[in-house]
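Chemist: Assemble chain B onto chain A, guided by the hints.
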Amino acid sequence: MSGVSSTIRPERGMATGALARLGQVAVLPVGVALRLLDPPMRWMQRMIGARRMAYVFLLPNFVFFGLFVFLPIGINVVFSVTGGTALFPSQRPYVGGDQFAYLFDCGSYLDPSSCREDHFWRGVANTAKFVVFQVTAMVLLSLVTALVLNMKIRGRGFFRAVYFFPVLLSPVVVALIWKWILQRDGLLNAAITTLGGQKILFFVDPGWAMFWAVFVSVWAHMGFYTLILLAGLQAIPADLYEAAEMDATPRWRVLLRITLPLLWPNMIVVIVLALIKGAQTFDEVFVLTGGGPGTATLMVVQYIYETAFSSQVQNFGLAAAASVVLGVVLFVLTLLQFAAARRKEV
Amino acid sequence: MATMRLSSMLGQRRNGPGRPLHWTDIAAYVYLALGVVLMFGPVLWLVLSSFKTQSALLEFPPSLLPFAQVEVTVSGQPQKLPLFRAKLPDGTVRELAQVRRIGLIAQMVDPADPSQQFRVAIDKREPVRRVALATENYSEPLQRFAFLRFLYNSVFVTVIATLITLLINSMAAYGLAVYQFPGKQAATLAVIGTLMIPVTIILVPVYLVVTELGLTNSLWAVILPGAATPTGVFLLRQYMLTLPKDLIEAARMDKASEWQIYWRIVMPLTLPALAVLAIFSIMWRWNEFLWPLAVLTKTEVYTLQIALNAFQGELQTQWHYLLAMTVVTLIPVALVFVFLQRFITTGIGSTGMK
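Residue numbers (the working numbering), protein chains in the order written: chain A, 1103 to 1448; chain B, 256 to 609.
Treat the hints loosely; a few may be bogus.
[To be verified] Distance ranges between label pairs, derived from CB positions: (1) A:P1339 with B:I281: 22 to 30 Å; (2) A:S1192 with B:V410: 34 to 42 Å; (3) A:F1313 with B:L397: 45 to 53 Å; (4) A:I1302 with B:L313: 18 to 26 Å; (5) B:T443 with A:Y1196: 53 to 61 Å; (6) B:D378 with A:T1296: 57 to 65 Å; (7) A:L1437 with B:K500: 30 to 38 Å; (8) B:K553 with A:V1415: 19 to 27 Å; (9) B:K500 with A:A1135: 52 to 60 Å.
Simulated from the structure, these hints should not be mistaken for laboratory data.
For clarity, every value in this text was computed on a predicted model and none was experimentally measured.
Every residue, glycine too, gets a C-beta built ideally from N, C-alpha and C.
The shape of chain A in the complex, shown without the other chains (with noise of 0.2 Å):
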């Protein structure tokens, strides 16, 4: 037995040691009913046979699954082809496509404000600029940052810890700490000003107002991305740089022959997973710009979240006709990325 559970934990990071006795101490109450369960569970297994007792142990987190997700699933096709302002869907009326065609009725679909439902396509449009600077920014960022700490430099630890802190903050407080530098007399603005400048109201701007989105967010999530790539740097065998070293070859050289190409899975990997969650975009550029000024940051899920909640007429139809056209989006993302992870496994 206990030649068996040394083998099983091998140094699993923080998991093993305090931490565990702390959750054995936190879950004991768990521990309690789980002995509870036991005679249920004996004569459950005494009527299906052990083999069957899979179902059971698999029960509870499908009937989760089937709720909240399955079946959502269905019933968000069923309110996309659905009118009115009932939330049941036994009393809404059929329309058919009228919702998809609500939102696709455009003059030009290169100009948000020829179209009847302006505002989705306002958040179109602002969504795939942000996804495309923020992308770019993003992946180039955190190649830099991950190539940096994959050099052999001192307190790469603490560095590595540095850059992937934010990651761990909620978008609430993400976006209030750069609230509160960007304010009209804010830290930002004292900057300026004492630099001899005029002081901005960034939030007013437009432009300002879409790249500090741009910022915030990339601050916020540029350390996930910098460790997927750290681990893809790590995973380049080592004597592939002893044999460049050997020949003396200059770094740059390396870099463009042996680093990036041998990187260039993970790099696809980071970038299909930065445009699923950009395309995503909510929470930090909610809380920082409310979608303004007017509606310059209002993304396509802050949209969705308002047509259905926040709106003085709930339309929960078109709010799931959106809901739809930005799964089918994500979906064809999603396929991106298994084509890339296979061609990662090759």
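Modeler: Chain B only, in chain A's frame:
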């Protein structure tokens, strides 16, 4: 020549013998130093600002540390008086307490000797300020808003949701890892499928389900929909697959029930993976925003994140409370970070480098 020697010396220290310091090394350190300022600076600024008084927060340009004007008790005066450094007509500078201000003239006394009175033009005096922490920013919201309520809601959601997640995810993982049964393939595929459905695209129908279950404006509406995480099932299943099958067979020989094998043998051995999932779940739940925002409309069920968002609309002039509450919201995350820090550095380090 001297710089050459210096750089090769530095290089020796860092990279082992014989490797000089490359310019990219210097660039790397500059980049990292900049990163520390940019990543930690804003959080540090938030914490420093949260200890400033309301009037200190309105100052422009802002001071780095939280300063507050010193107030002194002077015998014969009912209230504490603000302390100033006043320049008297004879050219001396003394620290005086201001009794009252009439127009452009301030009436001041020497705190040590209240019988000595002075009349000082207000532009000839400067407030005496010391570093002082405005802890009332933290204590007052406790009484003025239902701050403890929001804190309790957040803790309740985080703890209960994490326990439910650990239980049902580990059960499902155990089922998928240990048994062979018809439909196993389909069940695994279904888990992968859920992995691809973000809450953003099923917002409206999940709201309908929650309403049908009669859960609107209850904390259970936040807890239940995200309780079964596909990530958790995968994480635990992968870990359980590495456990030796003999162990389970031996337990069956000893007439242990399947349920006993699950919680007496497999669960304790899966503890490292459970701890990782617990940390993930705590982070997800504590930070969750879009779903609670949609489903919680009554103030008494707000979680901290929702309350903060609501306050930043209402309290825009009361940044001192808002900043303090933001810091409180950040504390559990900071604690998790202290644990995770070792994981990030050692966890990755051990995959390839060592």
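Chemist: Of the numbered hints stated previously, which ones are contradicted by the structure, given in increasing order?
Modeler: 3, 5, 6, 9
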